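K.L.:
With the sequences and hints as input, model every part of the structure.
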Amino acid sequence: MAKQVTAILVVHDESVLALRALAAIQSQTVSPDRLVVIDTSKIPTDFPVPTLSLSASAKLGQIVATAVSDLEKAAEHWYWLVHDDSEPRPDALAELLAAVATSEKIAQVGSMQLSAKNPRVISQLGLTLSPFGELISPISGQLDQSQHDQVSDSLAVSTSTMLVRSDVYELVGGFDDRAPAMAADIDLSMRIRRHGFRVVVAPRAKVVHAALSLAGKRSNGWLQGSPKTAMRKAVMHLHLVHDSLPLALLYWLVLPLLTAYRVLWRLTQKRPGQIWPELRAGFWGTFTLPKRLASRAQTGSSSVRVLQPLRASWSVVSAHKRADLEAEESANSLAAFERGDHEALTEERAKKFSQSAGWLFVFLLLITTWRLFPMSVALQGGSALPVSQNWFELFARAGASWQPIGQGFFGPSDPFNWVLLTLGSLTFWSPNLSLVLLLWIAPALAFITAWKALSLLSAKAWQRNLGALTYSLLPAFGLAINSGEYPAVIATITLPWLVYSIARAAGIGRRGTARSDARTWSWIGLSGVLLAIIGASSPTLGILALVGLALAAFTKIRRFGYLFWIPLPLAAIYLPLAVYQIFVVGNPLALLAEPTLGIAKSATALAAIADFSLWTSWSLAIITVMAAASLLIRRWVVSLVVASFGILTFAVLEFSNSISFPADLLSVRAGLDRVNSSGHSLAALLGLTAVALAVHFLASLNRKLVLGSLAALMSLATLSLAWAGLTSTPKVSASDGSVVPLLLQKQSELGTDLQLLTIRKAGDRYQAELSEISGSNLEDSNLAYRFSSKQTEVSNAYVELSGAVGDLVSGNGAANAEVLKANLIGYILVPNSPQNAELVSALESSTLLEGAGLTPYGDLWRVLGTSAEENPATNQNPWSITKAIQLLALLGFILLAVPSRAKVRRAKDTAIFIDQSESELDV
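Counting along the sequence shown from 1, when you hit position 489 you're at 489 in full-length UniProt numbering, and nothing is skipped either side.
Since the hints were derived computationally from the structure, they do not count as laboratory data.
None of these values were measured; they are calculated from a predicted model.
Even for Gly, the Cβ is constructed at its ideal location relative to N, Cα and C.
Please note that the accuracy of each hint is not assured.
What the hints assert, rightly or not - Straight-line C-alpha distance at most 20 Å; calculated EDC-like pairs for lysine to aspartate or glutamate:
hint: 1; residue 1: K821; residue 2: E870
hint: 2; residue 1: K217; residue 2: E14
hint: 3; residue 1: K42; residue 2: E14
What the hints assert, rightly or not - Simulated restraints on C-beta separations:
hint: 4; residue 1: E654; residue 2: E818; range: 47 to 55 Å
hint: 5; residue 1: A357; residue 2: N587; range: 48 to 56 Å
hint: 6; residue 1: Q298; residue 2: D91; range: 30 to 38 Å
P.N.:
Structure follows, in structure tokens:
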């Protein structure tokens, strides 16, 4: 019996393409018996044939039902569904009907879809699923050379220009409007197959398909989200509808964990654009389970196992994964060629670090810090203080909301605690050891990072070596190392690395832009982590880094969409402190204070750069003169920009040194109430700009005699700086990592809430420091606590404790034992010092105290009436919402920063779908 065909043209906001599709239908060699045009456009299209209009939100099932509502459903009656972005070839319908004639079991036929950009390229020939249920286009990206001319079975076909038998369509329930848009075609085909019918593709039936939905050119309302979100929803729907009920429910239960895993996986893939679709689709799948279960009603009596032979094998998935990656690399290479990156590579190839004797200079720099060779597990003195010997204590302090400092308070922890946690994690069995190693290898690390940064300006290895050596031997850096000023040391090391990573992400300098989207995101992740480290170590340097980032973003405006995300980790760890200092303390300038500062008195900007009383420091004048000379070379514009940034840095350094802040923990112990910034971090930026200008000047010279003379002069300057570093004496000394007597350490390990009160005489007054019985470590130096001292001093608990301390040091016997007990003070310590002699005598006369002996840390007394047994340790929850957000932001950018392997690996949970590269679509 002759087949009757009803052609259904679905139009949605594409009037021009729809008219082409209509013309293609009307020009078929075998004309359809009936033509129905359904228009769901917001602005109806004027067609030369009768048209039915539906709401723009109408789903495909409703559209087809409206089109065939008055037709009889019979085996000889077929529906031919054509989308407005499809243009079937004149013989397409004839070839589809010819395929139907080969078997009575065939109920659905799909056509070969050709790319609208290149009609000779196959974009799709049938659909299938990977072993994990991802959507796969088994044949795509191939030239159509008639190699696929035979009718063959397929798991599913696209809705575009498909031919489906009307009675079977009604039997399986038609298109399921509960299904996501991207799942409608595969869901229909799977239900047809599970009802015992065949689904085939007819390669001779060709259609040019623009694939607007996949390209993201449809409105989000059509797909209920982006194409990436729609793809993830489709995968989830197919699992929940077509898997066996136990497996479907198990999939739903683990869906939140699976979503979290896929988010991390996307980060390791360097595809952060996939994160929001993963989260949105995961939320959708979790909270729409009833609708998914309702869709199981008409899936058919056959098990989904009958479809297994038609699924894609791992080899097929891997082959298509490899093909997509190769296509992406080809596109990246072509883009690099258009940018002219190949010209930069052919101009002059720079030697690698190992080829330029880099490791030799690293070894020599380790010799300059021979006095800091790690001979102990911790350091103290100067600005150095041991961190907790327990890694979990470090973790508890980072990002915490409750601060066990003084009498305890709720407030943000120092952002720098995240840096301490990172360093401590490198030697988690002994967190202090990483800080000891840091001071020893700091110049070597600074040399490596500066060497990379200077590669942006020069390809000559000897120029980069000289510049990096000068930077790593800067006097301010040496002062920071010798005094154990960890924030300044870390900022100096990471600053050149940040400059290099931002330049690579923005495409600035000799190296140009990263050659792939994944590599660019890797540089973005690294830049975000480094900016967070610098901002936590030196807020003023962090502000200048943000200024530089903004300048790079507006210089390379096309990269703004990438560079915009770099400050996110810094914002995550610094925003709580910023809100506290501005709105609670009411002192915005407090945001400029440096963490764990140690003793620092007011000084000029020049004094922060170097001690100019030493003759070796005057070698900096040579670098300065060469930097100034760079303004006279041909590329003076680059020099002017860098020099302007250096002048801005000097002005900020002068301003920051004019501001005093409340003293930190170590400065208070030295008897200071107010301290100034050391300026060493800003001096690093000033030094980097000077070194960069000097190298830029050398790179511009062509005359060998002049170049050799200046190189020799710069080498002499470097040697003098090296001599200064070699002969300098560190202020830090070896330590076992403890900060309190052994008795208190043991009691702390047993677990108790008892507090330690440390009293010392400072000039004509007494200072009292209240801490946990384990003592105060580096991570306990808290910026929020320092600036909230005025609010703390007026509290009743503070006034009562101050009065009790006053009575103790006066020896009048009027000290209130209840106040000591209320504050859980179990021990009192007086440090060893001649000026504390009268204080020791006063405490010995107190009836509230019992002598515990003379310790290496001073005289120790036990407070009567309080005991560790009566005050067991209260377990504080180390987690908070703020901490979780900060940790997720940091871990996300760390995963983003880790370089991915370039070669193609075996793909498992992968998707290659309809003429889309991995960078554009990955389900």
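K.L.:
With reference to the structure, classify each hint as holding or not holding.
P.N.:
Quick rundown of the hints versus the structure:
1. K821 with E870: holds (11 Å)
2. K217 with E14: Judged against 20 Å, a Cα distance of about 10 Å means the pair holds.
3. K42 with E14: The hint holds at about 10 Å.
4. E654 with E818: 47 to 55 Å: holds (52 Å)
5. A357 with N587: 48 to 56 Å: holds (50 Å)
6. Q298 with D91: 30 to 38 Å: Check passed, 34 Å falls within 30 to 38 Å.
In summary, the structure agrees with every hint in the numbered list given earlier.
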